[in-house]
Amino acid sequence: MLGKAEEAFDEAGNIINDGAAKFLEQYLDNFVKYVEVVSTLKKPKPIEPEDLDCNHPIATAVTEVDPDWVNKVAEITGAVSGNTYVKLNHGILTVDQINMFLKAVPFELTYANDNNQFLYYNNAHQDPDTMFAKRVPEQSGNRLSTVHNTLPPARMKNVEWVIGTLRNGDQEYVRLFPIQTLPCSILIVTKRCIVMMALTLVLTKSSLLSNPGWIGTCKQPVNIS
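Using UniProt numbering, read the sequence shown as starting at 1 and increasing by one per residue.
No wet-lab data here; the hints were simulated from the structure. Certain hints may be false.
Stated by the list, open to error - Computed list of lysine to aspartate or glutamate pairs in DMTMM-like fashion (alpha-carbon distance at most 25 Å, straight line):
# : residue 1 : residue 2
1 : K45       : E138
2 : K157      : D51
3 : K72       : E138
4 : K33       : D51
5 : K72       : D114
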């Protein structure tokens, strides 16, 4: 085909030769089929045991914090607040504007860091029991093992599997079906953190899991990055 390029294309670069067009179409179809077959043959990486107790501190860890985690860590780290501006990747917002933006999105977001520390959730409800993933302010900073402390061991293994699968890159997301029978997804957005976001098909709310959390304190190393 390259040897007859002058015959196959016009001056504008459009294919004018029917044979060349059919050849390219068949070639691209075969290539897509090849990619689909190869993708199904790809074996997922073995999932290493997850440390949900945060026993492995990382560079930005903060240790020995009390139940008033957010305020204490903010003081230790010099975290900004209020009308102080924060430089983001595609703009600049104040902390108040960021909080307003995150509270306005119509679904629940849960942020866990690289050493499985629960750092943040966006959607505060007057009645936490109405949330798909029950979260309360006192939980910020807890280990994931503490957040899901009410789960039986077999269910806790499921939490480890979800995080390990995303961490390995075996899947881009994991779809769950909580008690409310509304499908939701857990999405990973970076290699250093995991964001759990529920995308329901019926309602405009979302969750990590539908299991109630456990209010407690965290005395373990905490990553605040």
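* **Hint consistency between K157 and D51 [alpha-carbon to alpha-carbon, up to 25 Å]** => Holds - the C-alpha atoms of D51 and K157 are around 11 Å apart, at most 25 Å.
* Asked: Given the proposed pairing of K72 with D114, does the C-alpha separation stay at or below 25 Å?
  -> Since the Cα atoms of K72 and D114 sit roughly 21 Å apart, the hinted pair holds (cutoff 25 Å).
* Pair hint K72 and E138, alpha-carbon separation not exceeding 25 Å -> holds, 12 Å
* Does the alpha-carbon distance linking K45 and E138 stay inside the 25 Å limit? -> Answer violated: K45 to E138 is near 35 Å, above 25 Å.
* Would you check the hint for K33 and D51, treating anything up to 25 Å between C-alpha atoms as holding? => violated, 39 Å
Violated hints, listed in ascending order, are 1 and 4; each of the other numbered hints is respected by the structure.
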